[in-house]
Amino acid sequence: MKLDIVKSTKSKAPASKAVTIPKKALIGRIPIVDVSPSLENGLWAAKACINESFPVQATVFREGHDLFGAECVLLDSNDAVVQVAPMRDIAPGLRRYEGWLTARDGGAHSFFVRAWSDPVATWVHNAKIKIDAGVDIELVFLEAEQWLNRAITGAKADSKAQQIFTNTLVKVKNSKLTPAERLAAATSVEVNDALSKYPVRDFVTESARYPVFVDRQRALIGSWYEIFVRTTGCFFDRRSKKWVSGTLKTAALELDRIAGMGFDVVYLTPIHPIGTTNRKGRNNTLTAEIDDPGSPYAIGSELGGHDAINPELGTFADFDAFVARARQLGMEVALDIALQCSPDHPWVKEHPEWFTTRADGTIAYAENPPKKYQDIYPLNFDNDPEGIYQEIKRVLELWVSHGVTIFRVDNPHTKPLNFWQRLLHEFRIKHPQVIFLAEAFTQPPMMQTLGMIGFHQSYTYFTWRNDKEEIEEYLQEVSRESDARIRPAFWPTTHDILTPYMQRGGTPAFHIRAILAATSSPTWGIYSGYELAENIARQGAEEQIDNEKYEFKERNFAAAEHNGIAKLLRELNAIRANHPALQRLRNLTIHPTSNDKILCFSKTVRLEENNGNTDSVIVVLNLDPYASREAVIDLDVEALGAQARWDAGAILEVTDELSGETYEWNHRPYVRLDPHGRVAHILNVKVL
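Residue 1 is where the sequence shown starts when you use UniProt numbering, and the numbers rise one by one after that.
None of these hints come from the bench; they were simulated from the model. Please read these numbers as outputs of a predicted model, since none were measured by experiment. Do not rely on the hints blindly, as some may be mistaken.
To be verified - Pairs of lysine-lysine, DSSO-like flavour, derived with a Cα cap of 27 angstroms: (1) Lys597 - Lys553; (2) Lys415 - Lys393; (3) Lys130 - Lys160.
Unchecked claim - Okay, the calculated beta carbon distance ranges per label pair: (4) Glu469 - Asp360: 31 to 41 angstroms; (5) Arg555 - Thr276: 20 to 30 angstroms; (6) Asp634 - Gly107: 41 to 51 angstroms; (7) Asp105 - Gly540: 18 to 28 angstroms; (8) Thr507 - Ser196: 50 to 60 angstroms; (9) Gln476 - Ala650: 43 to 53 angstroms.
Glycine included, each C-beta is placed from N, C-alpha and C at the ideal position.
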C-alpha cells in the first residue's frame with residue numbers, strides 16, 4: 001500500500017509593526033516614581049519661599065541586589081543648577097527617598113530627581129562579606145581596580161582627588177598587604193570624600209521636571225494686626241449725641257502702638273464708600289438707624305466704588321501718608337478686597353449685566369439660605385467675564401500704585417477659580433511683590449485648589465481646632481501634607497468668628513490661642529481688640545456682640561496692659577523674630593505627652609548662614625483655660641539635633657523665653673502649667 005506523505009510547511013508570520021511607548025511614559029533604567037511635591041502631575045507650581053527648605057520625595061528602586069543612590073536637583077528659570085541635595089531612604093522597605101532643597105532667589109524654579117546604580121557602594125557591601133568569609137579575595141580587588149580606574153579617569157586632571165584615587169589603586173593592587181588593609185584603603189574617608197566630588201555612577205536616570213514658584217519671605221512669614229479704620233480714634237460726642245468716625249489720620253496714630261507689639265502687617269478692612277440701600281443696623285439687624293455707619297462690606301455708593309475711599313475716612317493723600325508711616329515702622333499694608341457691591345455701587349448702573357437678574361426682573365442679592373444679605377449684590381462672573389476681569393485688575397493695580405503689597409481676599413471661594421488663576425498668574429508676572437491671602441472657610445477641595453492656583457496664603461480651620469489630638473493632626477497636616485499647596489495663616493479670632501472656646505475660656509483662652517498660633521505657624525494674626533479679651537458673643541452666633549462690622553466701637557487699649565495680653569503679644573513677636581525655627585512651616589515635630597490637655601511640639605532649622613548650626617524651639621502648652629495640668633513629655637531628642645541617651649543624665653539645656661528660667665532636661669521631662677500663671681513654656685534648646 002502506498003502511503004501519501006503530506007509535507008508540513010511553516011507559514012511565515014507577518015512582519016509586526018514596531019510598538020512604541022510614548023516618551024513621557026517610558027520608565028527609566030533606575031525607576032523613579034511618585035515624585036513630590038507635584039501639583040496635578042506638575043501642571044501647577046508647588047510653593048516655596050526664599051531661604052525656606054522644602055522636601056522632595058520619590059520612590060526609587062531597581063531590579064536585583066546592586067545598590068543605588070538618589071539626589072534632588074533644583075534649577076532656576078534658565079535651567080541652571082542651583083543646588084544638588086542627597087536623598088536618603090526614610091521608609092526602609094518601601095524605598096521612599098527624601099532630600100531638601102533651598103532656593104535663595106525668588107521666581108520660577110523647577111526640580112527633578114536623579115538616580116543611579118552605585119558600583120562602588122555595591123562593591124563595598126559585597127567586599128566586606130567576601131573578605132570576612134575568605135571568598136574570592138583577589139577577584140574582589142580586581143573589581144576594585146576597575147572602579148578606581150574609572151574614578152581616576154573621571155576626576156579632574158592633576159586634582160587632589162585624582163591623586164587620592166591613584167594612591168589608593170596602588171594599595172589595592174598590593175597583594176603584600178592584608179585583605180583588611182587593602183579594603184581599608186579603598187573605603188577610607190579620603191576616598192569617600194573624593195568620590196562625593198567625582199562619583200562613579202552607572203545607568204544615571206532623571207525624572208521629569210516639576211515646577212516650584214519661590215515667593216518673597218512675607219508670603220510665608222508675617223504677624224498681622226487687623227483694624228477697622230473708622231474705629232481707630234472714634235468717639236461718641238455727648239453734646240451732639242453722635243459718633244465721630246475714626247479716620248486714616250487717626251489710624252496712622254495707632255501704628256506706633258501696633259508696631260510696638262511687633263506686628264509687621266497692618267490689615268485694613270474695606271475703606272470704600274458704603275451703600276445706604278438696605279443698610280444693616282447694629283448687630284446685623286435689617287433696620288439701620290439714621291446714624292448707623294453700615295457694613296464696610298456693602299461696598300459702593302454715589303461717592304464711588306472699589307476704587308474710592310469713604311470721605312469720612314479721608315483722602316488718597318491720607319492713605320498714602322498711612323502707608324508711608326507704616327513702612328517707616330517696618331510694616332506692610334494689607335487691604336481687604338471684597339468683590340461684591342451694595343445696590344448703590346456705580347457698577348450697578350454702569351454694568352447691570354455684571355449681576356444676576358431674577359425671574360421678577362430684580363437683581364439678586366447675596367444669599368446663603370437661610371441667611372440673606374440684602375445690602376450686597378454678588379457679581380456674576382459668567383455674564384461678562386472679560387469686562388469684570390479687566391475692571392478688577394484695574395482696581396487692584398490702583399491700590400498697588402498706592403503702596404498696597406498684600407490683599408486679603410474676602411470669600412474667594414464664591415468666585416470662579418479660572419478667574420483667580422488668570423488674575424494671580426498675571427500679578428505674579430507683573431507684580432511679583434504682591435501677596436494674596438484667601439479668606440475661604442469652606443470645604444477642603446476648594447481651599448486646597450485656591451492655594452494651588454496661586455493664592456499665597458490661606459485662612460485655615462485652626463480657629464476651630466481645640467482638642468489636643470485634633471491640633472496635633474492639623475499641625476502635621478499643614479506642615480507636611482498640604483505644605484506644597486497652601487500656606488496657613490493662623491487666627492485665633494476674626495471680626496466674623498468668636499468660637500465657643502474663646503467665649504467661655506476668658507482671658508486664659510486668649511493667652512493660650514495666641515501662643516499656639518504664633519509659635520506653630522509662620523504667619524499668624526489677631527483682630528484689633530484681642531488684647532482686651534473681647535469674648536461676649538451675639539446670641540446664637542459665633543461672632544462678637546456689638547460687632548464693629550455694623551457700628552462704631554471705642555476701645556481703651558490701656559486695659560490690655562493689665563490683663564497681660566499686650567505684654568504677651570510683644571513677647572511672642574519678639575521670640576518669633578529671634579528664632580528662625582519659628583519662621584518656617586515644614587519643620588514641626590509632635591512630642592507625645594502623658595496628659596490630653598498638654599500639647600508639645602518643636603521646630604528645628606539648620607542655619608547654613610550660621611556655619612550650619614541649628615535653631616531649635618520646644619513649645620509646651622496647657623490647652624485647658626480652667627485648671628492647672630501636669631505631664632511627662634516623651635521627647636524625640638534626635639529631632640532636636642541631640643543623640644538619644646536613655647540614662648537619667650541631661651541631654652538638653654532649655655531656657656524659657658517667657659520667664660528667663662533655664663532647665664536641664666532628659667528625654668522624659670516633667671512639666672506643670674497653670675492657665676492663670678505660667679500657661680506655657682517656649683524653650684530655646686541647647687544640646688549638651
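inquiry  = Output the indices of the hints that this structure fails to meet, ascending.
reply    = 1, 3, 4, 7 and 9
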